[in-house]
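Engineer: Sequence:
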Amino acid sequence: MSEYVIVTDSALDMNQEMVDRLGADVLPITFNIRGTSLKNYPDHREMPLKEFYQLLREGEVATTSAVNVHEYLEKLTPILAGGKDILLMVFDAVLSMTTFQSANLAAEELREKFPERKIIVEDTRCVSGGLYLLLWHACRMQKEGKSMEEVRDWCEANKYHVCHWFTVDDLHYLKRGGRLSAASAVVGTMLQIKPVLHVDHEGALVNVGKARGRNASLTALVDRMEKTAINPAGQTVFICHGDCLADAEKVAEDVKKRMNPKEIYIGDFGPVIGAHTGPGIVALFFLGTER
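For the sequence shown, the residue numbers in the numbering used here are 418 to 708.
Hint data in this document are derived by calculation from the structure and do not stem from the laboratory.
Note that the Cβ used here is the ideal one computed from N, Cα and C, for glycine as well.
Mixed in with the good hints there might be a few duds.
Listed below are the simulated BS3-like cross-link pairs for lysine-lysine, each with C-alpha atoms no more than 27 Å apart in a straight line [claimed, not checked]:
{"id": "1", "residue 1": "Lys627", "residue 2": "Lys560"}
{"id": "2", "residue 1": "Lys535", "residue 2": "Lys501"}
{"id": "3", "residue 1": "Lys467", "residue 2": "Lys644"}
{"id": "4", "residue 1": "Lys560", "residue 2": "Lys679"}
{"id": "5", "residue 1": "Lys467", "residue 2": "Lys456"}
{"id": "6", "residue 1": "Lys674", "residue 2": "Lys644"}
{"id": "7", "residue 1": "Lys627", "residue 2": "Lys563"}
{"id": "8", "residue 1": "Lys530", "residue 2": "Lys467"}
{"id": "9", "residue 1": "Lys563", "residue 2": "Lys535"}
{"id": "10", "residue 1": "Lys667", "residue 2": "Lys679"}
{"id": "11", "residue 1": "Lys563", "residue 2": "Lys667"}
{"id": "12", "residue 1": "Lys530", "residue 2": "Lys492"}
Estimated spans, in silico, between C-beta atoms of each pair [unchecked claim]:
{"id": "13", "residue 1": "Gly499", "residue 2": "Lys560", "range": "15 to 23 Å"}
{"id": "14", "residue 1": "Pro465", "residue 2": "Ile647", "range": "32 to 40 Å"}
{"id": "15", "residue 1": "Glu533", "residue 2": "Lys467", "range": "44 to 52 Å"}
{"id": "16", "residue 1": "Gln518", "residue 2": "Val623", "range": "16 to 24 Å"}
{"id": "17", "residue 1": "Glu573", "residue 2": "Arg528", "range": "17 to 25 Å"}
{"id": "18", "residue 1": "Ala483", "residue 2": "Thr706", "range": "28 to 36 Å"}
{"id": "19", "residue 1": "Met514", "residue 2": "His589", "range": "19 to 27 Å"}
{"id": "20", "residue 1": "Glu477", "residue 2": "Lys535", "range": "37 to 45 Å"}
{"id": "21", "residue 1": "Glu525", "residue 2": "Gly630", "range": "24 to 32 Å"}
{"id": "22", "residue 1": "Asn449", "residue 2": "Val623", "range": "34 to 42 Å"}
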């Protein structure tokens, strides 16, 4: 069996320590703020997250750029030249079709240059902590000696069981992104209505519910897990937040109290997601019977 490297991108939203535990190779995604393009590395070396979210609170607008073909070629070529195959696990193609297309174009070019090597491009249909959760299992299987094809097949069979449940605190960012009308944002803000969203079976981010007040919206995330989680006591669960650690810890405590999973890890939403949701986003990721 050929040696292979699992490669992903920094949309997985976990810090450097958590990335190091995976053993995967992470390609940084570009974000833009105050007229400057920066790379979102897992260690946030180019802009600390506290600074990023403070700029958003001050009214700065951030945008993100899809990974392009050149960036993929630059990352993948040395791996192939070193005699290793690649399992490229790309974040949700529905949310970023350009990234997925660039990955496939780069893979086609590299297959011609390195015909003796194998490259598999996997559309994970996951993002943020959901992507990390899928990678968590993929890298564990790799360490157990599973082949690249076996890992890919497991991901294909299980990626639609990776549940992504979100809530946001500020409706302005959903309005700006076209996921909420201006009128709904105004009324929702006045009434303290908080949306409950998830990534559906097709990979799209959709609004599926609402809660009155912040605490109720956080509880709604745990309610969803309690309803659909597969063997929660045996699971590793991931929670991400946008500069609101206390809220993430509240969700973690609720999950532990109700279902007591094997492990719970808390990570930060980086600029890739935070640019579109703003500060105050909290998300819960777990394996469930359905999304």
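Engineer: Has the given pair, Lys560 with Lys679, been kept, meaning a C-alpha gap of at most 27 Å?
Structural biologist: holds (20 Å)
Engineer: Keeping to a limit of 27 Å between CA atoms, is the pair of Lys530 and Lys492 held or broken?
Structural biologist: holds (15 Å)
Engineer: Has the hinted range 28 to 36 Å been met by the Cβ atoms of Ala483 and Thr706?
Structural biologist: Cβ of Ala483 to Cβ of Thr706: about 32 Å, so the range 28 to 36 Å holds.
Engineer: Between the alpha carbons of Lys667 and Lys679, is the straight-line distance 27 Å or under?
Structural biologist: Given pair Lys667, Lys679 holds - Cα atoms ~17 Å apart, limit 27 Å.
Engineer: Next pair to validate is Lys674 with Lys644; report whether the Cα-Cα distance is within 27 Å.
Structural biologist: holds (15 Å)
Engineer: Need the status of pair Lys627, Lys563: alpha-carbon distance at most 27 Å?
Structural biologist: Roughly 42 Å separates the two Cα atoms, so the pair is violated.
Engineer: Given a hint of 16 to 24 Å, does the C-beta separation of Gln518 and Val623 actually sit inside it?
Structural biologist: holds (23 Å)
Engineer: Between Lys467 and Lys456, does the CA-CA distance stay at or below 27 Å?
Structural biologist: holds (16 Å)
Engineer: CA of Lys467 to CA of Lys644, is that 27 Å or under?
Structural biologist: violated (34 Å)
Engineer: Given the hint that Lys530 pairs with Lys467, test it: the Cα-Cα distance must not exceed 27 Å.
Structural biologist: violated (42 Å)
Engineer: Please work out if Lys627 and Lys560 have their alpha carbons no farther apart than 27 Å.
Structural biologist: violated (41 Å)
Engineer: Assuming the hint says 15 to 23 Å, is it satisfied by the Cβ distance from Gly499 to Lys560 or not?
Structural biologist: holds (19 Å)
Hint violations for this structure: numbers 1, 3, 7, 8, 11, 21, 22, all remaining hints satisfied.
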